[in-house]
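Using the sequences provided together with the hints, build the complete structure.
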Amino acid sequence: MSVLVVALVVGLGLLAVIGVVVGVMDAAQARAWRRVAAERRRSWEVRHGGGYYDSWGDDDSD
Numbered sequence: 001m002s003v004l005v006v007a008l009v010v011g012l013g014l015l016a017v018i019g020v021v022v023g024v025m026d027a028a029q030a031r032a033w034r035r036v037a038a039e040r041r042r043s044w045e046v047r048h049g050g051g052y053y054d055s056w057g058d059d060d061s062d
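First residue of the sequence shown: 1, per the working numbering; consecutive thereafter.
Hints were generated in silico from the structure; no laboratory data involved.
Small disclaimer: the values here were computed from a predicted structure and weren't measured.
Just so you know, not all the hints are guaranteed correct.
Said to hold, decoys possible - Per label pair, the in silico range of CB-to-CB distance: (1) Ser-43 with Val-6: 46 to 56 Å; (2) Val-5 with Val-46: 56 to 66 Å; (3) His-48 with Met-25: 24 to 34 Å; (4) Glu-45 with Val-6: 51 to 61 Å; (5) Val-3 with Asp-26: 27 to 37 Å; (6) Ala-27 with Leu-4: 31 to 41 Å.
By construction, the Cβ of each residue, glycine as well, lies at the ideal position given by its N, Cα and C atoms.
Structure below.
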């Protein structure tokens, strides 16, 4: 029974460590991914003639 508890605690600890590592890595890469997304957006807008869309008042169809 105690081996099962130890395995459970170790497993939960491992999941917590993996979660922290993934969070840190994601935070470190976020700026680069935002830059890539902005470049792709600009490129798409150049190819497709812009991307302006005003959604204000879309629900007012009466």
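Each hint, compared with the structure:
Checked against the hint of 46 to 56 Å, the C-beta distance between Ser-43 and Val-6 comes to roughly 53 Å, which is consistent with it. Taken as a hint, the range 56 to 66 Å holds for the pair Val-5 and Val-46, whose Cβ atoms sit roughly 60 Å apart. The hinted window of 24 to 34 Å between His-48 and Met-25 holds, with their beta carbons roughly 33 Å apart. Under the hint 51 to 61 Å, the C-beta atoms of Glu-45 and Val-6, about 56 Å apart, fit the expected range.
For the pair Val-3 and Asp-26, the supplied restraint of 27 to 37 Å holds, since their beta-carbon distance comes to about 34 Å. Separation of Ala-27 from Leu-4 is about 35 Å and conforms to the stated range, judged on CB atoms against 31 to 41 Å.
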